[in-house]
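J.: Given next are the chains, with one letter for each unit.
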Amino acid sequence: MARYIIKRILVAFPVLIAVSLILFVLLNVVPGDPVTVMMREHIKPELIEVFRERMGLNDPILVQFGRYMVNALRGDFGMSYKLQRDVSAMIREAFPHTIKLAIYAALVAWIIGIPAGILSAVKQNTLVDRAFMSFSLMGVSLPVFWAGLLMQYLFAFKLGWLPVTGYYSPRYYILPAIVLGWQSAGTIARLTRSNLLEVMKNDYIRTARAKGLGETVVVVGHALKNAMLPVVTMMAMQVAGLLGGAVMTESIFGIPGLGRITVDAMGTRDMPLLQGSVLFITAIIIIGNMVADLLYAFLDPRIRVE
Amino acid sequence: MMTNLAAGRAADRIMDMAADTAAEAQEMLAITDLKTHFFTQKGVVPAVDGVSIRIPEKQVMGIVGESGCGKSVTAMSILQLVSRPGRIVGGSIMLDGEELVGKSVKEMRNIRGNKVSVIFQEPMTSLNPVYTVGRQVSEAITVHRQVGKQEARQQVVEMFKAVGIPEAERRFNSFPHQLSGGLRQRVMIAMAMVCQPKLMIADEPTTALDVTIEAQILHLMRRLEEKSNTSIMLITHNMGVVAEICDFVYVMYAGKVMEQAPVFELFDHTKHPYTKGLLNSIPKPTEEKQRLYNIKGMVPNLLRLPKGCRFSPRCEYAMPECREREPELYDCGKNHKVRCFLYQKDQGGGADE
Chain A
0 MARYIIKRIL
10 VAFPVLIAVS
20 LILFVLLNVV
30 PGDPVTVMMR
40 EHIKPELIEV
50 FRERMGLNDP
60 ILVQFGRYMV
70 NALRGDFGMS
80 YKLQRDVSAM
90 IREAFPHTIK
100 LAIYAALVAW
110 IIGIPAGILS
120 AVKQNTLVDR
130 AFMSFSLMGV
140 SLPVFWAGLL
150 MQYLFAFKLG
160 WLPVTGYYSP
170 RYYILPAIVL
180 GWQSAGTIAR
190 LTRSNLLEVM
200 KNDYIRTARA
210 KGLGETVVVV
220 GHALKNAMLP
230 VVTMMAMQVA
240 GLLGGAVMTE
250 SIFGIPGLGR
260 ITVDAMGTRD
270 MPLLQGSVLF
280 ITAIIIIGNM
290 VADLLYAFLD
300 PRIRVE
Chain B
0 MMTNLAAGRA
10 ADRIMDMAAD
20 TAAEAQEMLA
30 ITDLKTHFFT
40 QKGVVPAVDG
50 VSIRIPEKQV
60 MGIVGESGCG
70 KSVTAMSILQ
80 LVSRPGRIVG
90 GSIMLDGEEL
100 VGKSVKEMRN
110 IRGNKVSVIF
120 QEPMTSLNPV
130 YTVGRQVSEA
140 ITVHRQVGKQ
150 EARQQVVEMF
160 KAVGIPEAER
170 RFNSFPHQLS
180 GGLRQRVMIA
190 MAMVCQPKLM
200 IADEPTTALD
210 VTIEAQILHL
220 MRRLEEKSNT
230 SIMLITHNMG
240 VVAEICDFVY
250 VMYAGKVMEQ
260 APVFELFDHT
270 KHPYTKGLLN
280 SIPKPTEEKQ
290 RLYNIKGMVP
300 NLLRLPKGCR
310 FSPRCEYAMP
320 ECREREPELY
330 DCGKNHKVRC
340 FLYQKDQGGG
350 ADE
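First to last, the sequence lines map onto chains A and B. Per numbering that gives the first Met the number 0, the very first residue in the first sequence carries number 0; after that it's consecutive. Per numbering that gives the first Met the number 0, the very first residue in the second sequence carries number 0; after that it's consecutive.
If you're looking for bench data, these hints aren't it; they were derived computationally from the structure. Built from N, CA and C at the ideal position, the CB exists for glycine as well. Check the hints yourself; a few may be wrong.
With a straight-line Cα cutoff of 20 Å, these simulated EDC-like cross-link-like pairs (lysine to aspartate or glutamate) come out [unchecked claim]:
(1) 333/B - 246/B
(2) 200/A - 121/B
(3) 306/B - 320/B
(4) 81/A - 32/A
(5) 200/A - 128/A
(6) 105/B - 214/A
(7) 102/B - 214/A
(8) 114/B - 214/A
(9) 283/B - 224/B
(10) 41/B - 65/B
(11) 34/B - 65/B
(12) 283/B - 213/B
Here are a few chain B residues that sit away from chain A, every Cβ distance over 10 Å (derived from the structure) [as the list claims (entries may be wrong)]:
(13) 121
(14) 142
(15) 269
(16) 283
Residues from chain A that face chain B, not an exhaustive set, calculated with beta carbons under 10 Å [to be verified]:
(17) 201
(18) 202
(19) 203
(20) 213
(21) 214
(22) 221
(23) 222
(24) 294
(25) 298
Turn these sequences into a full structure, and let the hints steer you where they fit.
T.: Below is the structure:
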């Protein structure tokens, strides 16, 4: 097991380097000069040149990349062009907001999604099933910016139950968590339902019934663990995705999380910040995938490494 | 013609009742006129269409027939685990003097795995892949008996030893995928026997196993049956398996019993053309090489049963009469009954044919 984990971590490094290289090249190709962005428009062209030289932007791209990677390995991701602040510090500041939102959203998704999926499968083709499935279809297909705005309008503006935007107490996270969690809940419910229905057709379910087990024990004790294998994997990846920042939700609800600073960095051509946050998100996704694989191996004895 | 038919039926019923009173005492299972139908969108499929089967105590009773002739549905009817849209529409299933048809879900749960257990065809897929085999067998005990975890574990290990699983202690913690097909089937047998049921249904228990393992498993079942008070209902399409361990045989075709006889009687004096066909389909290594015999045609679609005898379209001996009306189960003596007009005349004493 330990060897497997080490191997996975070692494989992650080339992926991270490749992602940074692609990003580096892309950002150098897109139009827009960071110095101009930094200094506003009315700056003398000679001065731009001076700054470019000083910031090393005139060096060949590979040299720039090498320099960036060397610094990054030392934990130095550079300074934000726009805010003149340490990128790592900015990420450290934004990440807790994203973590909070991700945890709340994941809780909403699991607490609603899993039972909804089980109930739909057990009560297949009944009203309960259809209601849950329509609801999850809505969650999956309604765009977050639309559902989010509607909820803000209804619960915050019209009814006044919850704050519109902000991040000052858990109350502020309720709406964004529901909006974000609804989407994941929909996916989880549909996957749980279809997997459970599939598993219930298996011979070992017939064996469990023939043993004299009650239907609840058959479903929860024998079918669920098998059905949940792919769902758990997907949930781990969903959490990784949530931790990578929910751009739309964070923007609509004014939460200064990872997604927000990434989008802002894109808008201002703030290369070091963008580079840093994207690398960070990539690392999270890689870890998320790894956790998903390990979870699968842990839950399924057929894959478990002896 | 109607009166003739009615008279035949009445005679049959009287015979059955006579047999009932004679054998009632030691009958473990008595299925009478069982009808299990499937209500599909295309129509009603009579998968089991008036089947009567008796299993005396401590006997191995075989049900033979091609795929789709209603063997497994009969077995699942006993456990009332017929999958939707199927349902028992008539008849009676008496287990050791206890009527099973009409029992509540909860009452049936108490019977499954406890008084009636079952071994399935596919040991590969019949065990849950994510739990240890020991846990799965223990569950069969703990659900029916008030025993602790340790006690159950002890019983399971004992049972594993009894069914010939080597290193029983260690195997308790094995997952199904770590065992061979033969071992898995032994685990299934252990699971089926662990509550000392009155009846064990073995639904093609050796079909998925290779021949040497097949013999071992059959002998194991026979031995367990002799040691305990369990009767076995063995479902198979393999006449060789029947000859190996059965005491009595029912031959089923398209939802009906076509022939029933003690095993030696059936092999020595095969009567029904269908049974003859089944027996001729066994390759005989002693004979000179020739084309293997097969019964022409296929089991009919139960939605569109042929008129008259349901085997008549495939029967080499079919007479005009066979396509007109359905034959009764004629008694030929020596506990041998055949559903075929060819033996109408042979009918043993008592019938006014």
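J.: What's the verdict on residue 200/A and residue 128/A, does the C-alpha distance respect the 20 Å limit or exceed it?
T.: holds, 18 Å
J.: Does residue 214/A pass the interface hint, meaning its C-beta sits closer than 10 Å to a C-beta of chain B?
T.: Since chain B brings a Cβ to about 8 Å from residue 214/A, closer than 10 Å, the hint holds.
J.: Minimum Cβ distance from residue 222/A to chain B below 10 Å?
T.: holds, 9 Å
J.: Beyond 10 Å from every chain A Cβ: check whether that's true for residue 121/B.
T.: violated, 6 Å
J.: Has the given pair, residue 283/B with residue 224/B, been kept, meaning a C-alpha gap of at most 20 Å?
T.: Between residue 283/B and residue 224/B the Cα gap is close to 30 Å, so the pair fails against 20 Å, i.e. violated.
J.: Is the shortest C-beta separation between residue 221/A and chain B less than 10 Å?
T.: Holds - the Cβ of residue 221/A comes within 10 Å of chain B, reaching about 5 Å at its closest.
J.: Min Cβ distance, residue 294/A to chain B: is it shorter than 10 Å?
T.: violated, 13 Å
J.: Going straight from one Cα to the other, do residue 81/A and residue 32/A come out at no more than 20 Å?
T.: holds, 12 Å
J.: Taken at face value, is the distance from the CA of residue 121/B to the CA of residue 200/A at most 20 Å?
T.: At roughly 14 Å apart (the allowed maximum being 20 Å), residue 121/B and residue 200/A satisfy the hint.
J.: Report holds or violated for the interface hint on residue 213/A, using the least CB-CB distance to chain B and a cut-off of 10 Å.
T.: holds, 6 Å
J.: Are all C-beta atoms of chain A more than 10 Å from that of residue 269/B?
T.: holds, 33 Å
J.: Given residue 201/A as an interface hint, is the shortest Cβ-Cβ distance to chain B below 10 Å?
T.: holds, 6 Å
When the structure is compared with the earlier hints, violations turn up for hints 9, 10, 13, 14, 24 and for no others.
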